[in-house]
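Enquirer: Residues 1 to 252 (full-length UniProt numbering) make up the sequence shown, in order.
Listed next, the in silico DSSO-like pairs over lysine-lysine satisfying Cα-Cα at most 27 Å (straight line):
hint : residue 1 : residue 2
1    : K226      : K156
2    : K108      : K75
3    : K226      : K103
4    : K76       : K108
5    : K72       : K103
6    : K76       : K156
7    : K100      : K226
8    : K100      : K156
9    : K157      : K143
10   : K103      : K76
11   : K75       : K103
Rather than coming from a laboratory, the hints here were simulated on the basis of the structure.
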Amino acid sequence: MYLLSRKKNYEESDVTLLQESINEWTKLFIELFKEHSKSELQFPKLHSWIRCKAIITESSSKEIPKTPIALKYSKKLYEFCIQNAEIYIQTRMNDPDLEKEMKLGFEKFLECLDIYLEIYYQNLSEHEKIDMIFHIYGSVTLKFGSIMRVTNKFYKKLIFSNIAVEMNADEIFEYISDNGVCFAQVLLITEIIMNYEEPMHLTFMQWYDFTSSVNPYLYECPLLEKTNIFNLIEIEAINDIIYIIPRFIDNN
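Please put together the full structure from these sequences, using the hints given.
Expert: Structure (structure tokens):
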């Protein structure tokens, strides 16, 4: 069963065999441990409650509209200005205690920032200057209440959130997506204060792609791997936080 679950590509017969193996394992588990349970591991009320709860949760999520809230940042991790950004980032990258995900984010950040801000540079007159202050945060509460994190201090554990991003209609054909949604891992959460614009609320991220175009799903869940593509996007464009289960025998 374990070896089957580790496969990268599945045929229909593999899925059937895996389901049969799970059923056999479950029966064996009950046979071995039922003597230690007064009910012989039969919990009809619990099972009924779980089914009922699942139905209520699904119904509630469909019928009750979510109310957007303002973005709320956590404690600031770093602050620097555009004039010393390169030196500051290089100093941070030399910190041996900096997480590899954040180090990768800093490494690619300025290059992607120049591309992202190119439209603003084009609109400047010859004598105008851009003054920017960058705030880097450990987490932010999104518009529907989910919390996006980039920190090593979440209950003493490292967490860099994975996100779902709903693509624009004019971009959808440029990417392989899951019903119009693409996936990425957040490396930096930043707020940019500018001298002539409203603050920009951005996240710097590394995109995922499907591992295979032939068998892109397992149990109706996308099979993903990291790419070498990085982007800055507006936090408002994030659809939701997602959870990705790593394959421990692979790098991605």
